[in-house]
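*Asks:* Using the sequences and the hints given, assemble the complete structure.
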Amino acid sequence: MKSFCLYVAFFIGLTSSVSAANEPERPRLVVNIVIDGLQPEHLTTLWNLFDKGGFRRLYSQGAVCRHTYYPILSCGAASDYATLVCGTPPFYHGITGNQYYDRTTDKLELSLKDPSAAGIGTTETLSPKPLLASTVSDELKMNSGGKSRVFSIGINSHEAIMLAGHAADGAVWIDNNSGHFATTSFYPLGLPRWADQMNVDHSLETTILEDWFPLYPINTYLFPPKRKDAARGFVYFNTGKTVSERVQHFKRTPFVNQIVKDAALKAVATEKMGAGSATDYLGLQFSLQTNGDDAFELLSAEKEDMYLRLDKYLTELIDKIDQSVGLSHTLFVVTGSQGEIHSQNTLASYKISGGTFVPSSSMALLNLYLMAVYGQNQWVTGYFNKNIYLDRKSIEKKGISMNAIQQHCADFMMELQGVQTAFTTQEILRSDGKGYDEQSRMKNSYNKNHSGDVVFTLMPGWVEADASGKIISASNRKESYVPFILFGYSINSQTITSANITDIAPTVSNLLHIPSPNACIGRNLILVLNEVKH
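Note that the working numbering numbers the sequence shown so that position 200 is 554, with each residue one more than the last.
Simulated from the structure, these hints should not be mistaken for laboratory data. There's no promise every hint is true.
To be verified - Calculated cross-link-like contacts (lysine-lysine; reagent style DSBU-like; alpha-carbon spacing at most 30 Å):
1. K605 - K461
2. K620 - K582
3. K832 - K705
4. K705 - K582
5. K467 - K483
6. K605 - K824
7. K580 - K802
8. K501 - K580
9. K595 - K605
10. K483 - K620
11. K461 - K752
12. K483 - K802
13. K580 - K824
14. K832 - K605
15. K666 - K615
16. K501 - K483
17. K605 - K582
18. K580 - K674
19. K580 - K595
20. K461 - K747
21. K705 - K824
22. K751 - K461
23. K406 - K705
24. K580 - K605
25. K832 - K461
26. K406 - K666
27. K615 - K595
28. K483 - K605
29. K501 - K615
30. K605 - K467
31. K626 - K406
32. K406 - K605
33. K788 - K483
34. K595 - K582
35. K674 - K620
36. K580 - K626
37. K666 - K626
Unchecked claim - If you anchor each label on the Cβ, the simulated ranges turn out as follows:
38. G789 - S703: 32 to 40 Å
39. K747 - G499: 26 to 34 Å
40. E559 - D460: 38 to 46 Å
Here the structure is a predicted model, which means the values were calculated and not measured. A virtual CB, placed ideally from N, CA and C, is assigned to each residue, including glycine.
*Replies:* Written as structure tokens, this is what we have:
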């Protein structure tokens with residue numbers, strides 16, 4: 355009997371050893387970083403000014419695709435982030451922008467609005483429920499049986515929630531009204547203790563009020579400051595009259611990235627991320643956007659300073675995670691959201707064609723035209739982000755062909771100054787979405803629950819503006835590219851020649867040995883990997 359028990363014990367031990375040996379190698383921690391406004395040309399211009407530990411280290415030691423293609427129209431950061439983490443466009447994941455036009459209420463609604471999810475530290479009621487597809491972090495959580503710890507830290511609410519996904523432990527962002535970290539009751543942990551502690555110790559309040567001046571002597575910068583100061587080169591004081599105004603100013607300074615970096619390190623330490631048996635995940639949003647219409651341009655010392663300071667924050671983040679988790683056990687994923695290249699003022703100063711399209715007056719003209727054809731009625735019931743919404747109830751009631759009225763609408767829009775193309779729903783759906791043309795990007799950006807009956811695009815250099823001339827539209831770039839970097843873990847230094855933003859999710863999923871998100875259409879990029887060091 356004793357020998358039988360010893361045999362059983364030996365067999366169980368042997369089985370466990372074999373099982374452990376067959377377990378695929380995975381990183382202990384994934385750090386998914388999205389940088390708003392990151393452009394490959396900017397990195398090239400500033401290359402010699404960066405430290406060795408930030409962007410230069412990522413580029414020299416990582417797998418790098420310098421120009422990763424966004425196969426969707428620029429409709430807002432939430433759509434970009436969702437496309438990145440799901441590996442699929444809005445056609446499937448359902449997030450067509452930060453807002454959408456609700457046909458039932460004839461109002462604009464936040465794309466992640468969820469009245470059942472109470473805000474914690476915020477009046478916003480948001481959740482990832484409207485996101486129709488799973489994310490990489492969702493698949494990681496499910497694959498680990500819930501053991502993986504998943505958190506995200508964002509500057510804004512929608513981006514933080516997209517980075518976290520549905521199954522996360524927590525997602526936090528900086529509330530626009532209070533300047534404190536906030537979250538949604540959708541996530542089980544509520545406001546994590548490390549975020550709450552930063553609220554209590556006034557870390558955010560102190561940083562929000564910091565004066566912004568150059569990190570280095572102004573004569574070492576490549577570009578002149580927009581606002582010159584004789585003593586420091588440039589200086590910006592946060593003089594907002596309300597908390598909301600001060601927070602909005604703060605979110606367009608480099609110090610917002612400092613807060614995200616500090617919170618990230620507190621999260622890793624407090625939650626002991628990377629120390630458990632399952633792979634953990636941390637999503638981070640950084641920003642390079644400055645105030646004004648030239649928020650995306652690298653033509654000022656201020657924008658240059660944003661890059662240089664972020665470079666230092668990335669260096670610190672990488673070094674400290676290397677010390678606590680180990681670089682060979684951490685996979686960094688770095689990319690950007692879509693942004694404009696040139697402002698209207700820059701184009702005009704170089705005598706390049708452009709203009710402003712005013713939707714309110716154009717929709718009024720369109721409705722007059724449709725009344726001349728189909729009779730008295732408010733045929734155009736709504737408009738948002740180059741999407742035109744028609745009165746479907748009246749069209750059906752009067753027996754009008756939906757295809758015919760949509761075509762009349764598209765034909766009229768093509769006659770307006772500044773309009774490049776206009777497509778009906780049927781024309782959009784006929785595209786397979788696989789090309790690099792405008793109709794393919796439009797198909798990918800379309801979603802039956804939120805998109806209009808007719809969608810149009812503007813000519814190069816044109817933007818949407820309200821009646822007062824204030825620019826209200828997202829980027830009008832015909833093609834949009836951002837850098838994409840994989841760094842750490844088993845990644846070898848290498849160049850990825852071609853990639854779509856939808857390829858990132860399946861590639862990361864493959865490295866984690868988990869299924870790709872359930873609506874993923876991207877391809878797994880073939881990488882040269884090092885042997886994992888224990």
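*Asks:* All hints are to be evaluated individually against the structure, with a verdict given for each.
*Replies:* Hint check results:
1. K605 - K461: 27 Å, holds
2. K620 - K582: 36 Å, violated
3. K832 - K705: Within the cut-off at roughly 20 Å; holds.
4. K705 - K582: Roughly 26 Å separates the two Cα atoms, so the pair holds.
5. K467 - K483: OK: K467 and K483 at ~9 Å, within 30 Å.
6. K605 - K824: With a Cα-Cα distance of about 20 Å, the restraint between K605 and K824 holds, given a limit of 30 Å.
7. K580 - K802: At roughly 44 Å apart (the allowed maximum being 30 Å), K802 and K580 break the hint.
8. K501 - K580: This hinted pair is violated, its Cα atoms lying about 49 Å apart.
9. K595 - K605: Given that 30 Å is the threshold and the Cα spacing comes to 16 Å, the pair holds.
10. K483 - K620: This hinted pair holds, its Cα atoms lying about 28 Å apart.
11. K461 - K752: At roughly 25 Å apart (the allowed maximum being 30 Å), K752 and K461 satisfy the hint.
12. K483 - K802: Between K483 and K802 the Cα gap is close to 17 Å, so the pair holds against 30 Å.
13. K580 - K824: 20 Å, holds
14. K832 - K605: Holds: K832 and K605 sit about 28 Å apart, inside 30 Å.
15. K666 - K615: 10 Å, holds
16. K501 - K483: 22 Å, holds
17. K605 - K582: 21 Å, holds
18. K580 - K674: 34 Å, violated
19. K580 - K595: Given that 30 Å is the threshold and the Cα spacing comes to 23 Å, the pair holds.
20. K461 - K747: 17 Å, holds
21. K705 - K824: 21 Å, holds
22. K751 - K461: The given pair, whose Cα atoms are some 23 Å apart, holds under the 30 Å limit.
23. K406 - K705: 39 Å, violated
24. K580 - K605: Holds: K580 and K605 sit about 18 Å apart, inside 30 Å.
25. K832 - K461: 29 Å, holds
26. K406 - K666: With Cα atoms ~10 Å apart, K406 and K666 stay inside 30 Å; holds.
27. K615 - K595: 27 Å, holds
28. K483 - K605: 26 Å, holds
29. K501 - K615: 25 Å, holds
30. K605 - K467: 22 Å, holds
31. K626 - K406: 28 Å, holds
32. K406 - K605: Distance of about 27 Å is within 30 Å: holds.
33. K788 - K483: 27 Å, holds
34. K595 - K582: Judged against 30 Å, a Cα distance of about 23 Å means the pair holds.
35. K674 - K620: Between K674 and K620 the Cα gap is close to 11 Å, so the pair holds against 30 Å.
36. K580 - K626: Outside the cut-off at roughly 43 Å; violated.
37. K666 - K626: Holds - the C-alpha atoms of K626 and K666 are around 24 Å apart, at most 30 Å.
38. G789 - S703: 32 to 40 Å: 34 Å, holds
39. K747 - G499: 26 to 34 Å: About 48 Å separates the Cβ atoms of K747 and G499, which means 26 to 34 Å is violated.
40. E559 - D460: 38 to 46 Å: Hint holds: Cβ distance 39 Å, inside 38 to 46 Å.
In summary, the structure is inconsistent with hints 2, 7, 8, 18, 23, 36 and 39 from the numbered list given earlier, while agreeing with the others.
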